[in-house]
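Asker: Chain residues, written in single-letter form:
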Amino acid sequence: MPANQEAMDVVGDYKSGWHDPENSTIRFDFGLSEKVVREISALKDEPEWMTDIRVKAYRHFVERPMPTWGNTPMLGEIDFDNICYFLRSGEGTEDDWDDVPEDIRNTFDKLGIPEAEQKWLSGVTAQYESEAVYHSIREDLEEQGVIFLDMDSGLREHPEIVRDWFCSVVPLTDNKFAALNTAVWSGGSFIYVPKGVHVEMPVQAYFRINAKNMGQFERTLIIADEGSSIHYVEGCTAPTYSTDSLHSAVVELIALPGAHIRYSTVQNWSANVYNLVTKRGIAHENSKIEWVDGNIGSKLTMKYPSVILKGEGSHAEVISVAYSGEGQHQDAGAKIHHLASNTTSKILSKSISKNGGRGSYRGLVKVSPKAENCKLNVVCDALILDEGSRSDTYPTMEVANPTARCEHEASVSKVSDNQLFYLMSRGHSEEEALAMIVNGFFEPFTRELPMEYAVELNQLMALEMEGSIG
Amino acid sequence: MDPATEYQSLDEPGRSNHLWRYTPWRRVHPTGDVSGIPEMDSPVVGLIGFDGGPAPDGIRIQQGIVSDTIMPGSDALTGSFLRAVAADSSWTLSVESGFSSEHPVILDVDVGDSASVLHLCLDVGRLSELELVTRVRGSGEWFGMLRTGGVGDGSSLNDVVVSLLDKGTLLRVDSINVGRDAQVRAGTVSSGSDRTKADLRYRMAETGGNLRVLGSILSAGSMHLDHHVEIHHDAPETFSRLSWHSACDGDSRTIGTGMLRVADGSTGADASQLFHNLLLSEDAEADSIPELEVLEHEVVGCGHGTANGPIDEDQVFYLESRGLEPSEARGALIAAFLNSTLSEMGSESLHDWLVGLLNSELRELDA
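The listed protein sequences derive, respectively, from chains S and R. Going by this note's numbering, the letters in the first sequence line up with residues 1 to 470, in that order. Going by this note's numbering, the letters in the second sequence line up with residues 1001 to 1367, in that order.
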């Protein structure tokens, strides 16, 4: 049997489920201890303050119990002792694509990363296992002072900025998985956009897990200075194995007065990856933070992109879609804290459950007593495509200011027979008609993505819908 | 396992459990010592006609529990606690099959001025029609009420619970089964007690059940009123609507949490829930968690919504321009807001009675 045959047998429709032979230069043993945490820090030659943060976070991770909410049976299956917490595959981060090791280059070639970079990106980071293997940014942006580095290089080259902002949005005690990430983080992106600079084309990071039982813990920090703007796009895939991997990222966004950050994700992990991610942004006066979040893959996703509206007149938007197939639970949502007056927010969540999958929206919207004249709107729509699938919504609204205007609505339904009939009467097969309806259902999300991502997502959904009828 | 043993075997619930997120069990336990099962008095319970005369034939209340069934999925902690403390204060309200009454019947519960508890079992026979108002009044520091039982097949029940407690804590747990093709309107009117924790659960385990759950909540001062409503669709062709209106004044806080659960196999289920909150003062707070769990795809529809907002100043201005004083205009708008659920709770005569009650509460609020 060919080396990849076993994996290919279980890949099914997941087209990124292949894996390459592992050629690691450094691989830690399975399991986590304070020694492992210190060794990761030492390997990266980090300043002492970062090692201290890591150790504190590790201790908090050990003390903190597992969450008692969400899909606790699935969470209970995570074996923290059977995960590799650091694996280095290259000799460092290259800025010339030809210098990236051939096997890794082939991986990203198959995923279309360099092609995308040439066509429509301002910069790219490609992370393979624990660290970035390739990184580039357009020269004109660099000249304007935009910093776009992998997080390890960011810490090395700009320790003063990282020290100021690291853990300022997601403290190490925030939750068990944020503590884990803070203890063993590696890779991710570090971005600083100077005052008034608009990065017109998106920058992209692509995360790939290749090894078995791997843990990927990237850490991303984006600071948009006054009046600047940036669109960051991330994509993720992993091979399909019979054992589980863990992806536990932390993303911190800081939008200073008048800045605009859009953070788009198309998460397409294989169905053996636990995706437990903490994403949060702080929006200062008149700034805007948008999370555009697509969850297609993974075994269990628990991800609730959040925005703290700290400055008056700031705005937050979360648009998320989730597809849950066989054995998958997409527990996704959004959290918005209105701390300042005249702040506005909008959440749109759409989910589809199929083949026994479970989609959950879990959200929190909070208006603090001092926040006058806030407006917020939450809409959740869910489609259940077949028997045995499930959809849940768990929205929480806490309103402590009488001037707030808050609306929430949600609906769970099946695909309308009338819509199917109409499309079939125009000559489409039932399968095509269903795929069109599903794509239409996701359209508010796909229209916010760069064109290439939107096309990719539509193709992905069409693939997922194959075999839905009959 | 007897209820006391069951209660003592349970852990104190944490705040990650939505049921206890805003009102920890320790705060509504009669003594705060959650390991204890204190002695409780019994309230004075009487069944009277709407005109103050005797209740009609075919409906009676008697001491003891005829059939004590707690619906699956109920909260074990409060259920076992209330059954344990109400061992000597259990009553059954029986309605004969085919019973029909033109006028509402009032179940008067006078809790007096001591801590007391009541376990009431509703045994509503088949094909009966009844409007029942459970009026809870008194000035005790703590009152617990557990209502279990069911509504027979094909029956129609308008079941309104009115809390007029002067002070103290009200712990209320409902666990009601709705029979085949039965129609139930379950209304809650709450403007009393300093603190209320209510966990109201209804189950439609037979085809054709039709349920409307309605809340009209008025909080003022430093009141803390926490209502959790759970509706289980466990059979095909079942229908439910939850509509909950809360008006909060002073530095009070209202909490409305709902759960609609549609089980696998409940084809044709049609369910929705709506929470509306009117915030009347700067320090008031209203929290809502309308949850949905849908495990069946062949549903008519499942939805929920929530809206919070202040009194519309344009409407106040309009009423003032018609000659109303500002406080009158405000009162009229609050009454209209709460009336939209009151008006759904039952017949015209019941509605008139409830509106009278609401107006007197609003006058007190104004004073």
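A portion of the hints provided could be inaccurate.
[What the hints assert, rightly or not] Covered stretches of chain R (chain S as the covering partner; in silico rule of three or more C-beta atoms under 8 Å from a C-beta of chain S): (1) 1086 to 1096; (2) 1206 to 1219.
[To be verified] Listed next, with one range per pair, are the computed distances between beta-carbon atoms: (3) S:T243 - R:E1298: 55 to 63 Å; (4) R:D1264 - S:D45: 51 to 59 Å; (5) S:M66 - R:D1264: 25 to 33 Å; (6) S:N373 - R:E1012: 13 to 21 Å; (7) R:Q1008 - S:L43: 30 to 38 Å; (8) S:E387 - R:I1061: 24 to 32 Å.
No lab work stands behind these hints: they were computed from the structure. Please read all numbers here as calculations on a predicted model, not as lab measurements. Every residue gets a Cβ at the ideal spot worked out from N, C-alpha and C, and that includes glycine.
Asker: With reference to the structure, classify each hint as holding or not holding.
Answerer: Now the hints, each set against the structure:
1. 1086 to 1096: This one is violated; 0 residues, fewer than the three required, reach chain S with a Cβ under 8 Å.
2. 1206 to 1219: As far as the segment 1206 to 1219 of chain R goes, the hint is violated, because 0 residues have Cβ atoms under 8 Å from chain S.
3. S:T243 - R:E1298: 55 to 63 Å: violated, 36 Å
4. R:D1264 - S:D45: 51 to 59 Å: Given a distance of about 55 Å, which is inside 51 to 59 Å, the answer is holds.
5. S:M66 - R:D1264: 25 to 33 Å: holds, 27 Å
6. S:N373 - R:E1012: 13 to 21 Å: violated, 40 Å
7. R:Q1008 - S:L43: 30 to 38 Å: Since Q1008 (chain R) and L43 (chain S) have Cβ atoms about 53 Å apart, the given range 30 to 38 Å is violated.
8. S:E387 - R:I1061: 24 to 32 Å: Violated, at about 45 Å.
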